[in-house]
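Order-wise, the sequence lines are chains S and H. Note that my numbering has the first sequence beginning at 1, numbered continuously upward. Note that my numbering has the second sequence beginning at 1, numbered continuously upward.
Because the hints were derived from the structure by calculation, they are not lab data. Hints may be right or wrong, so weigh each one.
What the simulated footprint calls covered on chain S by chain H, stretch by stretch (three residues with Cβ under 8 Å from a Cβ of chain H suffice, anywhere in the stretch; the number is not a length) [stated by the list, open to error]: (1) 97 to 109; (2) 214 to 225.
Going by beta-carbon spacing under 8 Å, a handful of chain H positions derived as facing chain S [unchecked claim]: (3) Thr212; (4) Ala215; (5) Gln219; (6) Trp304.
All figures in this text were calculated on a predicted structure; none of them were measured in a lab. A virtual CB, placed ideally from N, CA and C, is assigned to each residue, including glycine.
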Amino acid sequence: MASNANETNGPAVSCRGVGKIWAAGTSRAHEALKDIDLEIEPGEFVVLLGPSGCGKSTLLYLIAGLEEKTSGLLTYFGDAVSAPSPDRSLIFQETSLFPWLSVWENVSFGLQIRGESEPDRRAAAKEVLQRVGLAEAGSKRPDELSGGMRQRVAVARALAMRPRVLLMDEPFAALDVQTRQKMQDFLIDVWRDSGASVVFVTHHIDEAVALADRVCVFTSRPGRIKETVKVDLPRPRDPFSPECEELRKQLTQLLKDEVDRAFEEQEKMAEAV
Amino acid sequence: MAAVSTDRTSVGETGKIAGGQKSPPAPAGLTLPEPLREILPKIGWTLVSVGMFSLIWEILWAIGWADPKLLPPPHIFLGDFADQAKFFNTAQRWAIGVSASAGPSPWQAVLITVVSSAMRVFVGITIAALLALSLGVAIRYWVAVERLTLPTVTLLSPVSPIAWLPVAIFLFGIGNAPAIFMVVIALFFHMTIATINHIDGVNRNLINVARTMGATKAQIYRRVIIPAILPGVFVILRLNLFGAWMVVLIAESTGVGYGLGQVIMLARNTFNPSLVFFCIALIGFLGFATDYAMRMVQKRVLYWVNDPSGVLRGL
Ligand SMILES: Nc1ncnc2c1ncn2[C@@H]1O[C@H](COP(=O)(O)OP(=O)(O)OP(=O)(O)O)[C@@H](O)[C@H]1O
Ligand SMILES: [Mg+2]
Numbered sequence: 001m002a003s004n005a006n007e008t009n010g011p012a013v014s015c016r017g018v019g020k021i022w023a024a025g026t027s028r029a030h031e032a033l034k035d036i037d038l039e040i041e042p043g044e045f046v047v048l049l050g051p052s053g054c055g056k057s058t059l060l061y062l063i064a065g066l067e068e069k070t071s072g073l074l075t076y077f078g079d080a081v082s083a084p085s086p087d088r089s090l091i092f093q094e095t096s097l098f099p100w101l102s103v104w105e106n107v108s109f110g111l112q113i114r115g116e117s118e119p120d121r122r123a124a125a126k127e128v129l130q131r132v133g134l135a136e137a138g139s140k141r142p143d144e145l146s147g148g149m150r151q152r153v154a155v156a157r158a159l160a161m162r163p164r165v166l167l168m169d170e171p172f173a174a175l176d177v178q179t180r181q182k183m184q185d186f187l188i189d190v191w192r193d194s195g196a197s198v199v200f201v202t203h204h205i206d207e208a209v210a211l212a213d214r215v216c217v218f219t220s221r222p223g224r225i226k227e228t229v230k231v232d233l234p235r236p237r238d239p240f241s242p243e244c245e246e247l248r249k250q251l252t253q254l255l256k257d258e259v260d261r262a263f264e265e266q267e268k269m270a271e272a273v
Numbered sequence: 001m002a003a004v005s006t007d008r009t010s011v012g013e014t015g016k017i018a019g020g021q022k023s024p025p026a027p028a029g030l031t032l033p034e035p036l037r038e039i040l041p042k043i044g045w046t047l048v049s050v051g052m053f054s055l056i057w058e059i060l061w062a063i064g065w066a067d068p069k070l071l072p073p074p075h076i077f078l079g080d081f082a083d084q085a086k087f088f089n090t091a092q093r094w095a096i097g098v099s100a101s102a103g104p105s106p107w108q109a110v111l112i113t114v115v116s117s118a119m120r121v122f123v124g125i126t127i128a129a130l131l132a133l134s135l136g137v138a139i140r141y142w143v144a145v146e147r148l149t150l151p152t153v154t155l156l157s158p159v160s161p162i163a164w165l166p167v168a169i170f171l172f173g174i175g176n177a178p179a180i181f182m183v184v185i186a187l188f189f190h191m192t193i194a195t196i197n198h199i200d201g202v203n204r205n206l207i208n209v210a211r212t213m214g215a216t217k218a219q220i221y222r223r224v225i226i227p228a229i230l231p232g233v234f235v236i237l238r239l240n241l242f243g244a245w246m247v248v249l250i251a252e253s254t255g256v257g258y259g260l261g262q263v264i265m266l267a268r269n270t271f272n273p274s275l276v277f278f279c280i281a282l283i284g285f286l287g288f289a290t291d292y293a294m295r296m297v298q299k300r301v302l303y304w305v306n307d308p309s310g311v312l313r314g315l
């Protein structure tokens with residue numbers, strides 16, 4: 001796997017003028033994304049930041065191959081993305097554990113799909129669960145876990161596939177500030193170990209500041225990349241350092257304009273109805 | 001009433017005893033095994049509930065409002081078991097050279113009748129569930145199957161099972177087969193459509209998780225869709241259980257076979273209210289018992305589904 005010829009040159013994911021119109025061709029057509037140009041290097045941590053409904057989840061679905069783009073070019077290590085692949089794991093915004101499987105069975109679900117034997121799967125599940133700090137919870141059922149634990153299991157399930165691109169859709173949105181902080185630290189560790197690229201969606205500016213190599217700020221609908229901010233700060237980052245404060249201010253301003261615009265638009269639409 | 005309240009306290013006290021390690025040995029009456037501790041209060045309340053309505057009925061009879069010839073109270077229709085049971089001696093009713101008094105004992109007679117009715121319900125519902133689940137999944141799996149079968153299934157589902165009764169007799173004559181056929185036909189169409197609805201309602205994220213892990217269509221159906229719809233399908237099964245009992249009684253009462261339905265018919269024709277109520281009590285008990293059995297199965301097979309009644313009771 002490591003000696004893939006395409007791997008050394010070119011970005012892991014490349015979007016060129018990618019657009020998505022939901023229900024295209026019907027009266028309910030809805031343009032969610034327009035002209036997205038984005039390249040994600042191998043091992044890079046990219047954060048997508050934008051107001052609610054701007055199409056962040058949609059973009060992750062396109063990269064994962066779960067939905068068809070309606071325009072543009074979308075490639076993964078040079079190959080056009082046409083179907084989902086275990087190389088690109090997606091962690092969903094809502095909990096998506098299988099309620100009928102125990103934690104370790106959930107984590108090793110993808111390995112079972114691949115046809116690995118039970119002892120192998122148990123071993124692999126144990127290892128990843130250890131990584132997310134849930135070594136003891138393997139035999140529990142998802143509904144016996146807290147929300148934060150469930151998200152960690154979802155992360156473990158994605159990691160078990162050893163993906164080269166990890167797509168994360170607001171995975172920590174429902175957690176309290178302290179837990180989220182811990183999860184972010186843990187994510188950075190995991191990311192470093194795995195060498196995968198991460199595309200991380202959030203609407204928390206602090207989260208973007210803590211995690212990103214690069215922050216892409218989206219416009220409200222149709223979603224476009226308004227500005228890309230490079231973050232060249234060493235990790236772990238002190239959220240109160242002057243650099244972080246500066247970055248936060250910059251992102252806040254960028255986002256505020258978009259949220260204002262989004263609200264205006266929604267009001268206009270409400271009046272039209 | 002008293003029995004129930006002692007159950008309650010015993011639950012609490014055994015809990016405490018289990019917590020303390022070296023407590024003196026508990027009195028024998030307080031250490032009930034766990035399943036029993038769960039069941040006993042339920043049985044207690046069932047008895048209380050049924051007892052309450054029986055009591056009202058008995059009072060109505062005592063003050064002369066309920067005519068014992070038309071609405072005989074429980075102590076009358078349950079009173080003479082052997083007398084009632086002689087009507088259940090249907091297994092050999094038509095055998096030539098068998099006198100009415102020969103044949104199985106009262107208990108055996110009732111048991112034969114009840115078991116044969118229950119068996120028809122059970123076999124019918126099992127066949128219907130397997131067929132409906134298979135067809136429902138096939139309809140969603142292969143578009144061709146949907147196009148060829150779904151319109152017919154949809155057209156036939158509102159047809160009352162009664163309308164199928166003549167067909168059952170044309171096809172299967174008398175005996176077990178037509179009664180089972182009736183149960184299958186009464187449940188199959190609804191359950192197929194319900195299965196399809198449940199498949200459409202499966203959480204998209206769960207399917208997408210499997211897709212991102214490289215699962216094939218067959219794997220997604222086997223590992224995600226079928227486990228995800230099982231709880232819903234099981235609920236339909238339980239709801240339809242009562243329907244199945246009804247249909248079996250109708251099938252039996254029209255001479256399709258022998259069984260409880262036929263005894264009711266006999267009671268009607270000979271104007272025997274006591275026997276009617278005896279049968280009603282029996283059917284009620286059987287329905288209750290089968291529903292209970294299904295719930296036990298549900299708990300075993302669908303262990304991940306939480307029982308919501310606890311939350312509701314807390315409201
Ligand atoms: N399956 C779908 N069918 C039709 N329209 C959709 C679908 N999914 C999303 N949309 C629309 O696309 C737009 C973008 O949705 P998306 O879920 O990508 O937003 P988001 O940026 O992830 O928002 P949030 O931060 O609230 O999760 C929304 O206006 C939404 O109504
Ligand atoms: Mg979203």
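Evaluated hints:
For the stretch 97 to 109 of chain S, the assignment as covered by chain H holds, since 4 residues bring a beta-carbon within under 8 Å of that chain's beta-carbons and 3 suffice. Counting residues of the stretch 214 to 225 of chain S whose C-beta lies closer than 8 Å to any C-beta of chain H gives 0; at least three are required, and the coverage claim is violated. For Thr212/H, the interface hint holds, the least distance from its beta-carbon to any beta-carbon of chain S being 5 Å, beneath 8 Å. A distance limit of 8 Å between C-beta atoms decides the matter here; for Ala215/H the minimum to chain S is near 5 Å, and the interface restraint holds.
Hint status for Gln219/H: holds, given a least beta-carbon distance of 6 Å to chain S, under 8 Å. Because the beta carbon of Trp304/H sits about 5 Å from the nearest beta carbon in chain S, less than 8 Å, this interface hint is met.
Checked against the numbered hints above, the structure breaks only hint 2 and satisfies the rest.
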